Amino acid sequence: MSRAGLEIKKVQPATAWASVLQIAVTEVFEMMVGTRVLPLEQSEVPVSSEVTAMVGLAGKLCGALSLRCSAHTAVQIAGRMMPDALPDNGNPSQVFDAMGEICNMVAGNFKAKIACLAEGCLLSVPTVISGGDYRTHTLVDSETVEIQVRFEGSPISVALDVQS
Amino acid sequence: MKKINVLIVDDSSVMRKIVERSLRQANLEIAEVLEAGNGAEALAVLKARPVDLILSDINMPVMDGIEFVRQFSGQSTQKIPIVMVTTEGSESRVVEALGCGARAYIRKPFTPDQIRERVAPLVEVMT
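Protein chains in written order, with numbering that gives the first Met the number 0: chain U, 0 to 163; chain W, 0 to 126.
If you're looking for bench data, these hints aren't it; they were derived computationally from the structure.
Predicted, not measured: the structure shown is a model, and the values here were computed from it.
A few of these clues could be false.
Some chain U residues close to chain W (C-beta under 10 angstroms, calculated; not the full set) [stated by the list, open to error]: (1) Ala-117; (2) Leu-122; (3) Pro-125.
Heads up, the beta-carbon is just placed ideally off N, CA and C, and yes, glycines get one too.
Excised from the complex, chain U in its bound form (with noise of 0.2 angstroms):
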C-alpha cells in the first residue's frame, strides 16, 4: 500500500506465527476466561461456526483475525468471564460482547508478541456473526494461519488471515 508520502511495508506471515497464535490465545483464556485451554492438532469434528468473533487488522499486516466455536461454547466461555452476571441460559447480547472481546485480545496479544507488528498494525472494532451456515471469501490473495484449541472439551478454530 502506498500513497504519496506514506509507504507501508506489509509483513507477511511466518512460520512461527502458529506458535505465537497458540500462546496469544493460551493467555488470554487463562487471564480472562480462568480456564486453560490445550491445542488441538487437528478436531475430530469439524469445528462449529454457529458463533464467529472478527477483528480487522490494518496497516503492515492486512487482514482478520476470526474465533470460531458453537453457540454452546459460546455461552460457556462468556458464563466463565461473568460468573455473577450472566443468566445460566445466556443473554445473547452479552454473549456476543465476551466473544468480541476475547478475539479481540487475542488479536492484541499475538500482534504485542510479534516485534514488528507492535508499532504500525491497528485493529478494528470486533464483529461477531451468529448463525454458521456461511463461507467467507477474500478477494485478494491471502495466506491462512489458524490454530484449535480444547475449552472444556469442545474445538474453538482461530484463523488469521493475511492479505498477501
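Starting from the structure of chain U, add chain W where the hints point.
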C-alpha cells in the same frame, strides 16, 4: 484506606464487569462503580458525579479513550488519575495516552496483580 468511586469506560459491558471484578480482586476499597460506554458518555458522567479513579479503554465508538483523556484533562481542574486499559499496546499509543494526561497503562489481557501494581500506588497517593 478510604473507599473510592471508580468510573470504568469501555464499549464492552462484559469488559467493564471484568475490570470491576479485577479491581475488587486487587483488594482495592471501592465504594461505587460508575460505567460509560465511550468517552462522550464518560464526560457526561463526570459532570454529574465525582469519582476518585478512572479506567478507560482506547478503541471505542463516538469518542475514543485518547480524545476522552485529552478533553477531560483540558476541562477539569481535578487531579483524578486515569488508567488506560486496552489491547492497544504500541509504544506510540502509550506515549500518546500518557502525554494527554493518563497516569498509567495496562494492556489486555491482564491479571488482578497487574491491576494492583498499576492502580494501588495512584489510589494510595490520593488517600
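- Task: May I ask you to test the interface hint for Ala-117 (chain U) with respect to chain W, counting a Cβ-Cβ separation under 10 angstroms as satisfied?
- Result: holds, 5 angstroms
Does Leu-122 (chain U) hold up as a contact with chain W if the rule is Cβ-Cβ below 10 angstroms? holds, 6 angstroms
For the restraint on Pro-125 (chain U), tell me whether the closest CB of chain W is nearer than 10 angstroms. Interface hint status for Pro-125 (chain U): holds (9 angstroms vs cutoff 10 angstroms).
When held up to the earlier numbered hints, the structure conflicts with none and fits them all.
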